[in-house]
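Colleague: Chains as they are written, first to last, in the working numbering: chain A, 716 to 1067; chain B, 29 to 352.
Some hints could be false.
Have a look at the derived ranges for each label pair, beta carbon to beta carbon [as the list claims (entries may be wrong)]:
no. : chain 1 : residue 1 : chain 2 : residue 2 : range
1   : A       : R975      : B       : A352      : 55 to 61 Å
2   : B       : S336      : A       : P991      : 51 to 57 Å
3   : B       : R217      : A       : C752      : 45 to 51 Å
4   : B       : G44       : A       : Q978      : 32 to 38 Å
5   : B       : L167      : A       : Q978      : 19 to 25 Å
6   : A       : G757      : B       : R301      : 55 to 61 Å
7   : B       : G143      : A       : L820      : 41 to 47 Å
8   : B       : I142      : A       : V760      : 49 to 55 Å
9   : B       : R96       : A       : I1055     : 42 to 48 Å
10  : A       : I1055     : B       : G143      : 34 to 40 Å
Selected chain A positions facing chain B (in silico; Cβ < 7 Å) [to be verified]:
no. : residue
11  : S791
12  : K972
13  : L974
14  : D977
15  : R1063
It is worth saying that the hints were derived from the structure and are not from the lab. Note that the structure is predicted; figures quoted are calculated from it, not measured. Quick reminder that beta carbons are idealized off the backbone N, C-alpha and C, glycines included.
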Amino acid sequence: MTADGPTPADAAAPSGAAPSAGRRPGRVANGFGRYLCKHVAGAAVSLLLVLFSSFFIFRLIAGDPIDQLTKERPVSPEERAALRAELGLDRPMWEQFWDYIIGTLTMDLGDSFQYRRPIFDLIVERLPATILLSGTGMVLAVLLGFWIGTRTGWRQGSRYDRGHVAAGLLLYSAPTFWLGMIVILVFARYLGIFPVNGMRSPSTPPQFWPQALDIAHHLVLPVLTYTAVVYAGYLMIMRSSILDEIGSDYLTTARAKGLRDDQVRDRHAVPNALLPTVTLVFLAIGGIVNGSIVTEAVFSWPGLGSLFVQAVFYPDRPVLQALFVLFSASTILAVLAAEILYWFIDPRIRKS
Amino acid sequence: MLSARGLRVEFGLPGGRTARAVDGVDLEVRPGEIVALAGESGCGKTTLARTLLGLERATGGEVAFGGRPLGRSSKALKAYRRQVQLVLQDPSGALNPRHTVYEAVAEGLRIHGIGDDEPARVADALARAGLRPPERFFLAYPHELSGGQRQRVVIAGALVLEPSILVADEPVASLDASVRGEILSLLLRLKEDAGLGALVITHDLGLAWSIADRIAIMYLGRIVEQGPVEQVLTEPRHPYTRALVSVLPNSAAFLDGAAEPVVLAGELPDASRIPGGCRFRPRCQEVASGAALAVLGRCEGEDPVLGSGAHAAACHLVHARMAA
C-alpha cells in the first residue's frame, strides 16, 4: 500500500503499481532494450537463413552456367575450363560458399555473368528508377486505399461501400500485364498523351527541369497501372480494420459525449484501426525495393524488376542470388522497423 | 428532469418483419434520484437507454429533458449531451486504449469548448470519482488500471461535464464482486452530495434494491411495473415481477417458504413477434393456474396499461383486484 494514509472505503486505492507502471525511467529502458534485442535477434536469424538459402537455391535450379554462357558457339574443353577458372567455378563448393558469404557481408556481390560487371554497380544504377516508380505508386496506393477503406468501412453496406469494394476488387483481380497493355493502348496509342515505355526520351535537353518533367511524363502510366492494381488490397485491410473497431464501446462513449459522427471516426476509430495496418505499410515500404517486376517489364522501366527478369531468362546466377538477398533483406528490415515502431505507438505492448 | 413519453423504437428486420425493441415506454428520472430499470436480457433495456441518450432514433413518442422535447438538430443534441451522460457496462471497452486517463476525461471538456482550467477540472472529476490523488492517474493508460479504476475513469469522464443525469448500463456487471460495492456506493454518494440523478440499467434485482429509489420492471419492450423500490420488491404486483422476486435468495417469499419459487414457462418471445393482448399472457403463471380466469378475455384481447400512481402494474388481474 501507499503512504497516502487511510483511503475512504469507496475510493480506489491507488496501489501505486498499476498506474505508475511503465513510467519509471529505468524500467522503460530495460523493457525497451529487451524488446529491441528480441526482435533484432529474430531479424538477424531470418537474414542468415536468406543468405544461406540464396546460395543453394540458384545452384539447384540454374544448371551449369558454362553451358548457358557458351550455348551460342562451339567451344573446346580447354576454353570451357578457362572460363570455369575465370568465374571461380572450379574451386570447391565450401570455398565458393565462404567467398559468397564474406562478399555479400562486405557489399562485394561479385560480377554478373551477363554484363561482366560488378553487380553492386548494376544495382546502384537501377535502384533509383525502381524507387521512383514503386515508391510513388506505393504511397498513392496506401493513401488512396486507406482513405476509401475508412469511408467504406464506416458506411458498411451503403452504395458507396459496395461500389468501391466492387471496383477495387475488379482492378485487384485484373492481371497487371493486361491492365498495363490496356492503359498503353488507350493513353499512349489512341490518345497519344503519354509515352509508350521507357523512362526518358533521348531528345530531351540535359538540364535538370526538362529532364525531371520528361521523367514525370514517362512515370504517369506505370504508376497509374501499379496503383490501380494494388490499392484495393489496402482498401480491404483498412475497411476490415475499421469494421473491427466500429462496434467498440469507446465510440459510443465518444458519441454520447457529443462528438459528431465524422469526428468520432477521425479521432477515435481511425487511429485505432491504423494500428494493425502498420506492419502492412512497412511491408509495402520494404517491397518498394523489389518494385513491381511485371509493371517494369510491361513499360520497359529500367529498374531492378527488369534486371531480375533479364537475369532469370539468361540465367545470370550471381545477379539472381544478389537480388534475392536484397529483396528479402529489405522486407525483413521493414518488418523489424514496424515492430520497433509498435513499441512507441501502441501503449499496450509496453505492458508485457 | 429526463422523461420518456410513449417512446417506441422499431427496427426493420430482413424479411420485412419489424422488431419492436421499445414499445411504448413512459419513464421519468429526476435529479437526486436513482431509478433502476430491470428486466431480462433482450427485453429492450439497452435500446431504451441508447434512445434516451439520442444515440438511437425513436420511431414514436418523445424524449424530453427539463420539460422540452429533445431536438433532432446536432446542436440541440450536443447541448443535451452535456446534461445527460452515459456510463457503459464494460470499462475496458468504453475507454479508447490509446488515450491516457487525462485525455479520456478531458475529451468532454474539449468537445463542449470548456477551455478554462482544464487540468483542475479533470483532477476534480477524478477525485470525485474516487481516484486520489488524481494527478497520479493523469498519464496512465487504461490497460495499466484495474477494472474498478477504469470504471471510475469512465464515471469521471461523465462527471467532468457536471451533468444532471447519468445513464448507466449495467455499470458493475463486468466488475469483481469486491469492486461492485465501491462503485455502487460512489453512485449513491454522487446522488447525495451532488444531487445527481441516475438511471441504472440492470438485470440484478439485488443491486436495484441496494441503490435505487424507484424501480421500473421491463418486459418485452414495455414497462410492466413501476414504483418505489421497497414496495415493488416486497409487495410485487405484476405476475412477472412476482416470478422474478420469488427466486431471489433473500426475498421474504423465499425465506418464509410462503410461496413456491415461480419458474416461468417458455422463453422471452422475439421482439418481432410480440403476442397480442397482454404480452406476458403466454408465460403468465396466473393464466396457467387458472387464477386469472375471470379476466382471461381481457388478457387475450386487450393490452393492459400501466396506469398512473406511485406503484403501478400493467396487469388486468391486478387492476381487477384493486377495483374490487
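Colleague: Range hint 55 to 61 Å: satisfied by the CB atoms of R975/A and A352/B?
Modeller: holds (56 Å)
Colleague: Given the range 51 to 57 Å, decide if the beta-carbon distance of S336/B to P991/A lies inside it.
Modeller: Roughly 54 Å apart at Cβ, these two residues keep to the hinted range, so it holds.
Colleague: Given the range 19 to 25 Å, decide if the beta-carbon distance of L167/B to Q978/A lies inside it.
Modeller: This hint holds: roughly 24 Å between Cβ atoms.
Colleague: Regarding the hint that K972/A lies at the interface with chain B, is the smallest CB-CB distance below 7 Å?
Modeller: Holds, because the Cβ-Cβ distance from K972/A to chain B comes to roughly 5 Å (cut-off 7 Å).
Colleague: Do the numbers back the hint for L974/A, that is, is its least Cβ distance to chain B under 7 Å?
Modeller: OK, holds: L974/A within 7 Å of chain B, min 5 Å.
Colleague: Can R1063/A be said to touch chain B, with a Cβ gap under 7 Å?
Modeller: holds (5 Å)
Colleague: Is the hinted range of 32 to 38 Å satisfied by the C-beta distance from G44/B to Q978/A?
Modeller: holds (35 Å)
Colleague: Could one say that the CB atoms of R96/B and I1055/A fall in the range 42 to 48 Å?
Modeller: violated (55 Å)
Colleague: Quick one, is the S791/A hint okay against chain B at 7 Å, beta carbons?
Modeller: violated (72 Å)
Colleague: For G757/A and R301/B, compare the CB-CB distance with the range 55 to 61 Å and indicate the outcome.
Modeller: Taking Cβ atoms as reference, G757/A and R301/B lie about 57 Å apart, which means the hint holds.
Colleague: Holds or violated: is the Cβ of D977/A closer than 7 Å to a Cβ in chain B?
Modeller: violated (11 Å)
Colleague: Honestly, do R217/B and C752/A meet the 45 to 51 Å range at C-beta?
Modeller: holds (49 Å)
In the structure shown, a violation is registered for the earlier hints numbered 7, 9, 11 and 14, in ascending order.
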